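A.B. asks: Those sequence lines, one after another, are chains A and P.
Just so we're aligned, residue 1 is where the first sequence starts under the numbering used here, counting upward by one.
Just so we're aligned, residue 1001 is where the second sequence starts under the numbering used here, counting upward by one.
Source of the hints: derived by calculation from the structure; they are not laboratory data.
If a hint is listed, it holds; no wrong ones were tucked in.
A few chain A residues facing chain P, derived, Cβ under 10 Å: (1) 459; (2) 464; (3) 468; (4) 517.
Computed from a prediction, not measured in an experiment: that's the story for all the values here.
From the three backbone atoms N, C-alpha and C, an ideal C-beta is built for every residue, glycine too.
Below are the chains, spelled out letter by letter.
Number of protein chains: 2
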Amino acid sequence: MKGDEMFQTFEVSARPEQGPPRLAALRTAIAEAGLDGWITPRADIHQGEYVAERDALLQWLTGFTGSAGFCAVTAGAAAVFVDGRYKLQLREQVADVFTPVDWPDTRLPAWLRESLPQGGRVGYDPWLHTVAEVAAWEKALAGSGVEMVEHANLVAPLWAERPAPPDAPFRIWPIEVAGEEAADKRARLGKELAASGAGVAVLTSPDSIAWLLNIRGGDVRCNPVPHALAFLHEDGSVDLFARAGKADPVRSHLGDGVRLHEQDAFEAALGRLAGPVLVDPRSCPRAVVDVLDAAGIAHVAGSDPCLLPKARKNAAELRGMRAAHRRDGVAMVRFLAWLAEEAPKGNLTEISVVEKLEGFRRASGKLLEVSFDTIAGAGPHGAINHYRVTTDTDLPVRDGELLLVDSGGQYPDGTTDITRTMAVGKPPPGAAGAYTRVLKGMVALSRVRFPHKVTGAHLDALARYHLWLAGQDYDHGTGHGVGAGLSVHEGPQRISRLSDVELEPGMIVSNEPGYYREGEFGIRIENLLVVEEKPAPEGGDPDRRWLGFETLTFVPLERRLIVSDMLDLSERAWVDSYHAEVLKRIGPRVEGETLAWLKAACAPL
Amino acid sequence: MKGDEMFQTFEVSARPEQGPPRLAALRTAIAEAGLDGWITPRADIHQGEYVAERDALLQWLTGFTGSAGFCAVTAGAAAVFVDGRYKLQLREQVADVFTPVDWPDTRLPAWLRESLPQGGRVGYDPWLHTVAEVAAWEKALAGSGVEMVEHANLVAPLWAERPAPPDAPFRIWPIEVAGEEAADKRARLGKELAASGAGVAVLTSPDSIAWLLNIRGGDVRCNPVPHALAFLHEDGSVDLFARAGKADPVRSHLGDGVRLHEQDAFEAALGRLAGPVLVDPRSCPRAVVDVLDAAGIAHVAGSDPCLLPKARKNAAELRGMRAAHRRDGVAMVRFLAWLAEEAPKGNLTEISVVEKLEGFRRASGKLLEVSFDTIAGAGPHGAINHYRVTTDTDLPVRDGELLLVDSGGQYPDGTTDITRTMAVGKPPPGAAGAYTRVLKGMVALSRVRFPHKVTGAHLDALARYHLWLAGQDYDHGTGHGVGAGLSVHEGPQRISRLSDVELEPGMIVSNEPGYYREGEFGIRIENLLVVEEKPAPEGGDPDRRWLGFETLTFVPLERRLIVSDMLDLSERAWVDSYHAEVLKRIGPRVEGETLAWLKAACAPL
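Same shape as in the complex, but just chain A (with noise of 0.2 Å):
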């Protein structure tokens, strides 16, 4: 707990005036270091989400603030590659000296191969570029005469002010949430990693530490992970380098199967492993495989070995995440009865929504931060996907448009994620029909049952099915995997044409189909699903092992949007059990016009 100041802020932290000169400078580094080009990524050495103010050095050189995409700069070029999420956001937040790109319709590859001649060098920091990312680059490059070099980082020399890296201190993340000792664990998946043939695996992902020896840290916002590497062996002993006394709070508890190190020993100690070593190809820098190689070390690519014991999430977390959607659902509670007394009266802006919200959330005196920053986007704005509202871009909630809500706490016992989207006043034309339709998709979601090795790809088109017999569609996957008091994005499951894993009992994935309307409205319904063994129905395959969802999230929907004659018969009882559900847990937790609120809001359509 921060006390009373604001987990979130609304500064406005672009400023596209900064770019060009940084830009010209850059320029310059990779002239004086006899390259041809330079990319910078979003990502630190660890690959999360979120990076220290230390490590922003996308948003350093270019202005852009959001959570992916990269920069590629040459004599005669500057582009700035983001997806759908982030189109709009770009336009806003650079200078015109870089140039937006589609990605992944254009891949970095196919764009240098356009920009620069035969004989071109680009550089890259190997330590911020996984070795799959890399290997892409050069499958893709073979044979075109431009060529990719390791090199040192040539932007962070620029930047003269860059802040200290961050030392929060680790914390326990007790046993009665974890539900598994951190030594039990490590024997576990060291057991495996032996099995598997490999000595030891390499972590890099604070995540993985994080779940492997239940702890949390405060390294960077929102994601309560700890910043360090970490070398697993087989006989469940564990090498953690961190920087100095950060381990210090969490030393007993961690035992004597983990040995502390400097966080700067581990490149050192990484050249005297015994192999084999495994690495994950997707989270792990390039560097990594360049050190074990120079040592003459062998190594194997597999998956991280927390990655899916982490992803099935056990008894003990499905109650703490239970238990934090309970808690996290009277706030929403509170918050949307607010918000229907106080939004006709025409006082509100984006940022006093995102206060109230924060407010309602730390009222249940257990928030130890939002789990990002909410997204509370009017009107148009609400088309904005991943909009944070500023001072700059603060706009009234006014009559006759949407509110779109994307918000969520870490909790001591789980993390939340929730969108709900509402009509001020009368709706804007179209609008309900497309929120029936994206609700049509979220139940479709909610309700399926489906046998076991299927992949969130093969379930994707249910929730879009709706919108796509009408020409309508949204441009991100219906559904992110979900941390347990972790990160509020986290793999490897998720609800995408993307994805290749299979769903298992205890993974914990969004499930927020939506519909944007540049520049009107935007509409998104999220809620996060847990998926679990389901019997076959009276009538159905015994024999079959049937999967299908729990849902976690229990807050009202936005009545006011459903064109009922929409939805069908199973829909429309979907909706109303849910709201009864609703009713029931939340009810006894709130009172007054609160309750009379939620009464109203989970009344049968």
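With chain A held as given, fit chain P onto it using these hints.
C.D. replies: Using the frame of chain A, we list chain P on its own:
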């Protein structure tokens, strides 16, 4: 045309009792070759669905007549690997000395690891297995101590009365239905080949050769493909390898750009190619790569260059397919009207149904061949996927049971494939509900609109959703690609969780969800669909490129199995409008009692 003789026959082709002595002989041959095992695939060198009698080594060895599967024999075990479709059929066709293995749940390398000691050497004929298949084995067996060894075929020499190779003459596929001159196709694909950096492509798929050269053949049943091999050069010229005389009837049609050779000359010619040679690892025999490697000729892996162009049907091909479906629809309607009249009398059997249906198709005067053996499954036989009736299995069509009929024809302008499931008298318990759920899935896929870059893996669940909700499913893909006057199963597109091919305008797929209750009944409804561009509807996003399906098949559904209350308004509207279209297209082509039946069958629900 074969005159009065039926295309489909009903002899009992599997003789399980022949299996044990043949297996014993193979084991002797394995030992004499110094091997520990031998793999017998279903495939011939062309990897098509049908093989000539001479190439049916798997059937000769085991008795199994299915279109997919393989047998692995060691000293101690003999396994026949088949997928869910063939589980029941396998049990009836092979002797106990062969163990059925569920594929792909158990894959060959895993089975070999279990079945063989360290150092085990398993032989295979490199002309009968693809490059990709062998590579997958080798990858999965790395470090296992089990080795795959190329060897001259061990089964073929055991077959004393092995038939001669097929020698059906090739015929011209006229420009009116091909839509593009073969010379233009050759030139176009040759240019693309050159642009990709390859000098020549090896073509081993008869479908590709047939499409590229606008020819057809008669070397296997049902699929009018020419057994031949070819090189396509970057200058657009082709070397065609075929057995003596087969290409004579099309010699002038082929023109100067196609050089004819004896099929026996293929291997030597391969060793004289100037690389780089494009080889499709998914269809090319491993032996092709061996020959190139031995001759030091560079080769690159890539898709058969005919695969996608052939899959994207042009306007003339689609016109032909529509005409073939109209003609086939008339035959199906006559058949269904006849069945509705005759079945209640209790005198029909599966064989009489197959004969009558083929008769109605022949009566069109245009039937070249059936496009596969009609599946007519009465009662419990409906639950056997790919059931083929024989004099031994022929069941009466009984009151109170379902009859599943999956059939199709080859016509001079196209290929059809349709399944209808009918109730004779009162349907068995659970059948109407399941039929309606299957129908809902079939309708969902028929009417879907979807954006570009979507694959069949993303759409498959739409056809299953309502079955899944009820705890029901089917163990086959939802749809396969279909050729135009070619193979009724044609890739690369399909509607399946395994598909990674983007759907593109002109591609044809079947839409055939089903439900099977072992020992009781089977349900399947199948129409063919063409992918087409669709404009955005009113209120939709016109700046997205939308795709959808045009339905090719117009034949009434079984209204006595439709539970109207289970359909929502839009599903009901789809069925009514489909039936109205059936009546409009087929009505003017039938008369009397058939027309009366059709009108009743097509009345609004």
